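Q: Listed in order, the protein sequences are those of chains A and B. Last residue of the first sequence: 355 (the numbering used here), numbering continuous. Last residue of the second sequence: 355 (the numbering used here), numbering continuous.
Any given hint might turn out to be false.
Which copy is meant is left open, because identical chains are indistinguishable; a pair holds if it fits in one copy or across any two.
Only pairs whose alpha carbons sit at most 20 angstroms apart, straight line, appear in this in silico EDC-like list of lysine to aspartate or glutamate [as the list claims (entries may be wrong)]: (1) Lys167 with Glu101; (2) Lys167 with Asp336; (3) Lys254 with Asp317; (4) Lys171 with Asp338; (5) Lys167 with Asp338; (6) Lys178 with Asp305; (7) Lys254 with Asp278; (8) Lys313 with Glu340; (9) Lys178 with Glu340; (10) Lys9 with Glu25; (11) Lys171 with Glu340; (12) Lys171 with Asp305; (13) Lys178 with Asp336; (14) Lys178 with Asp306; (15) Lys313 with Asp278; (16) Lys178 with Asp338.
Keep in mind that the hints were calculated from the coordinates and are not lab data. These numbers come from a predicted model, not from an experiment.
Number of protein chains: 2
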Amino acid sequence: MKLENDLYLRALRREKTERTPVWLMRQAGRYLPEYRAVRAKAGDFMTLASTPEMACEVTIQPLERFPLDAAIIFSDILTIPDAMGLGLYFEPGEGPKFNSPITNSKQIADLPIPEAEDLQYVMDAIELTTKTLRGRVPLIGFSGSPWTLLTYMIENGGSKTYAKSKALLYKTPELAHQLLNKLAQSIIKYLIGQIQSGASAVQVFDSWGGVLSPADFQQFSLQYMQQIVDGLKAAGCGDTPIVLFSKGANQNLTALSQTGCHGLGLDWTIDISSARKLTGDRVALQGNLDPATLYAPDDFIQQAVKKVLDEYGDNPGHVFNLGHGMQPDMDPEKVAVLVEAVRTYSTK
Amino acid sequence: MKLENDLYLRALRREKTERTPVWLMRQAGRYLPEYRAVRAKAGDFMTLASTPEMACEVTIQPLERFPLDAAIIFSDILTIPDAMGLGLYFEPGEGPKFNSPITNSKQIADLPIPEAEDLQYVMDAIELTTKTLRGRVPLIGFSGSPWTLLTYMIENGGSKTYAKSKALLYKTPELAHQLLNKLAQSIIKYLIGQIQSGASAVQVFDSWGGVLSPADFQQFSLQYMQQIVDGLKAAGCGDTPIVLFSKGANQNLTALSQTGCHGLGLDWTIDISSARKLTGDRVALQGNLDPATLYAPDDFIQQAVKKVLDEYGDNPGHVFNLGHGMQPDMDPEKVAVLVEAVRTYSTK
Chain A
8 MKLENDLYLR ALRREKTERT PVWLMRQAGR YLPEYRAVRA KAGDFMTLAS
58 TPEMACEVTI QPLERFPLDA AIIFSDILTI PDAMGLGLYF EPGEGPKFNS
108 PITNSKQIAD LPIPEAEDLQ YVMDAIELTT KTLRGRVPLI GFSGSPWTLL
158 TYMIENGGSK TYAKSKALLY KTPELAHQLL NKLAQSIIKY LIGQIQSGAS
208 AVQVFDSWGG VLSPADFQQF SLQYMQQIVD GLKAAGCGDT PIVLFSKGAN
258 QNLTALSQTG CHGLGLDWTI DISSARKLTG DRVALQGNLD PATLYAPDDF
308 IQQAVKKVLD EYGDNPGHVF NLGHGMQPDM DPEKVAVLVE AVRTYSTK
Chain B
8 MKLENDLYLR ALRREKTERT PVWLMRQAGR YLPEYRAVRA KAGDFMTLAS
58 TPEMACEVTI QPLERFPLDA AIIFSDILTI PDAMGLGLYF EPGEGPKFNS
108 PITNSKQIAD LPIPEAEDLQ YVMDAIELTT KTLRGRVPLI GFSGSPWTLL
158 TYMIENGGSK TYAKSKALLY KTPELAHQLL NKLAQSIIKY LIGQIQSGAS
208 AVQVFDSWGG VLSPADFQQF SLQYMQQIVD GLKAAGCGDT PIVLFSKGAN
258 QNLTALSQTG CHGLGLDWTI DISSARKLTG DRVALQGNLD PATLYAPDDF
308 IQQAVKKVLD EYGDNPGHVF NLGHGMQPDM DPEKVAVLVE AVRTYSTK
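One chain only, chain A, in its complex shape (with noise of 0.2 angstroms):
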């Protein structure tokens, strides 16, 4: 289908574009009164996001209100775990959870990689999606990267020190391997599923890159992240934008530009000129406004949008973001006064 507004698909091609395209990381989330209803409605996150017309619903909600250029499906970075038989669940008040996550060799030696039609929740939703967008914004498709999946699958819960995954990666790394690998493997099957059902870009969350070491993100986060790309493209779907982010994982800026990825998510602890340096022509930049400017008066936060706008400069390839998601007590009318800031200042 024709896109009315590919601003976004543009800048992460580096094309020239009329004015800087803006999407938000979390913009479908509980900040929204119209999300919560329909969440009390699912009675449970897993309901919500396995129920293709709620998904879509909620996938839509953001844009009704804002003028955003992109739309991201609502899901779960966790659908892979999940598809792969560990159980995801969500108790109330807390992160996510499995039923049974990865204790011990055999577990990971008899996991199988799911097919995409093991997610056809996700590829309902967002073949729905883009039906009902009708070409009015790109839909964005996503996965959690191999490493931070991993993390969850080991460690069950929140860490500080992802102390379990590290004894993983140094006491055994040759089974840390075979469960990235299969990883990997895994969602390559899952994003070319999501392309084929209608996702115009697909973005790689590496939330938690930024806990290893440079030596370490490269052997067992950024590799795997490698084959990630080269998948797609050996699977014919080299022109559909590919974004990574590690997010906190700023020392490996130019390794991750030099995987073949369209674009790079950025968190706001690095100046956005100093990440261009770092990546030279080769990607797009995505970010990165620190989310805790929303809490700040309107004109604090336009100065904000414009001082990241200013930085990135006069160049193709950019596209704004927050450094990271949304979170529920942000009041959506700072959402329309950054969103309005990107606009009135990024056209030209």
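Add chain B to chain A, keeping to what the hints say.
A: Here is chain B on its own, set in the frame of chain A:
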């Protein structure tokens, strides 16, 4: 008192040393059974920290086990807010809390600036420990940084987003600066007192510097650590090495190295060779092994230690350390392996 082992101080002054000195953040702590015994006797953390005989005992415990090159006084980074009247306490299994966290501007205006004598128990612990060490190794004094103390005083408990602290910075920057100024002035007095009581070097722990954008870091954290460096020099303490450790703030290493401090602490998310390039030959570097390496087999630890030493190369100004503190579930035997490896591989 003349020191028998001054490797740590000479390394911080970037003098040639016959081998690389080593100490470990949180080297006195729960991973040691002898620490847990004293802690049990004390009943609660603050009794332990505020009783000079017990603080001295646990400070020296790791030196009795391992040939470490420095001791660090057993205390907490939050003693200053406690002395300001906020009432520090520790709930079992939780982080530190205050009875009277900062919730309004009047509290900030009314906060006193404590004198070193208002923290006499810390001065007494340092004096007693210096006496007890009899020049074996240098004793390190420390404080939290102004920004890091602010976050604890405002958030009063753990935070993922530092929403309250950042809202203070963005909505009422003048109040934030008033608070940060008071904290910097208090820390200067506190560290001067520690030096006069016997500390041979001081470290400022900016544990949450890494949650700020580079521009915010400059304005709300770095500027006040600069005040501390300048304040100590103005007070005639310029010969005592000052180490700044902003965890997660590697984008600001060059700026940190230009403050006039003697050394910078490094976390493990940057190669120490990259950190050397960013900091020139202006400062010594302290770090930077991933603490999770201590969960690995002995030969892995040895190779990881060698890698950090090799990367730093044959240059003056390296103090070996972890990139963050020891964890309670770590095995003391692994510390022995690490310390031995530093001594073996770094001896010229």
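Q: Give a verdict on every hint.
A: Structure-based check of each hint:
Taking the shortest alpha-carbon separations for Lys167 and Glu101, both the intra-copy value of 15 angstroms and the inter-copy value of 13 angstroms come in at or below 20 angstroms. For the homomeric pair Lys167 and Asp336, the shortest alpha-carbon distance between copies (13 angstroms) is at most 20 angstroms, but the shortest distance inside one copy (23 angstroms) is not. When the C-alpha separation of Lys254 and Asp317 is checked against a cutoff of 20 angstroms, the pair qualifies neither within a copy, at 23 angstroms, nor between copies, at 28 angstroms. Taking the shortest Cα distances, Lys171 and Asp338 sit within 20 angstroms of each other only across copies (14 angstroms), while inside one copy they are farther apart (37 angstroms).
In the homo-oligomer, the alpha carbons of Lys167 and Asp338 lie at most 20 angstroms apart only across protomers (18 angstroms), although the nearest pairing inside one protomer, at 29 angstroms, exceeds that limit. Taking CA atoms no more than 20 angstroms apart as the test, Lys178 paired with Asp305 passes between copies only; the shortest distance there is 10 angstroms, against 51 angstroms inside one copy. Proximity of Lys254 and Asp278 under a CA criterion of 20 angstroms is satisfied in both settings, with 14 angstroms inside one chain copy and 17 angstroms between copies. In this homomeric assembly, Lys313 and Glu340 come within 20 angstroms of each other (Cα to Cα) only inside a single copy, at 18 angstroms, whereas the closest approach across copies is 53 angstroms.
For a Cα distance limit of 20 angstroms, the shortest separation of Lys178 from Glu340 across copies, 16 angstroms, qualifies, whereas the shortest one inside one copy, 50 angstroms, does not. Within a single copy, Lys9 and Glu25 get their C-alpha atoms as close as 18 angstroms, which meets the 20 angstroms cut-off; across copies the closest is 70 angstroms, which misses it. Within a single copy, Lys171 and Glu340 get their C-alpha atoms only as close as 41 angstroms, which misses the 20 angstroms cut-off; across copies the closest is 19 angstroms, which meets it. Taking the shortest alpha-carbon separations for Lys171 and Asp305, only the inter-copy value of 17 angstroms comes in at or below 20 angstroms, while the best intra-copy value is 43 angstroms.
Taking the shortest Cα distances, Lys178 and Asp336 sit within 20 angstroms of each other only across copies (16 angstroms), while inside one copy they are farther apart (41 angstroms). When the C-alpha separation of Lys178 and Asp306 is checked against a cutoff of 20 angstroms, the pair qualifies only between copies, where the shortest distance is 10 angstroms, while the shortest distance within a copy is 52 angstroms. Only within a single protomer do Lys313 and Asp278 lie at most 20 angstroms apart by alpha-carbon distance; the minimum there is 13 angstroms, versus 33 angstroms between protomers. Proximity of Lys178 and Asp338 under a CA criterion of 20 angstroms is satisfied inter-copy only: 15 angstroms between copies versus 46 angstroms inside one chain copy.
Of the hints listed earlier, the one the structure fails to meet is number 3.
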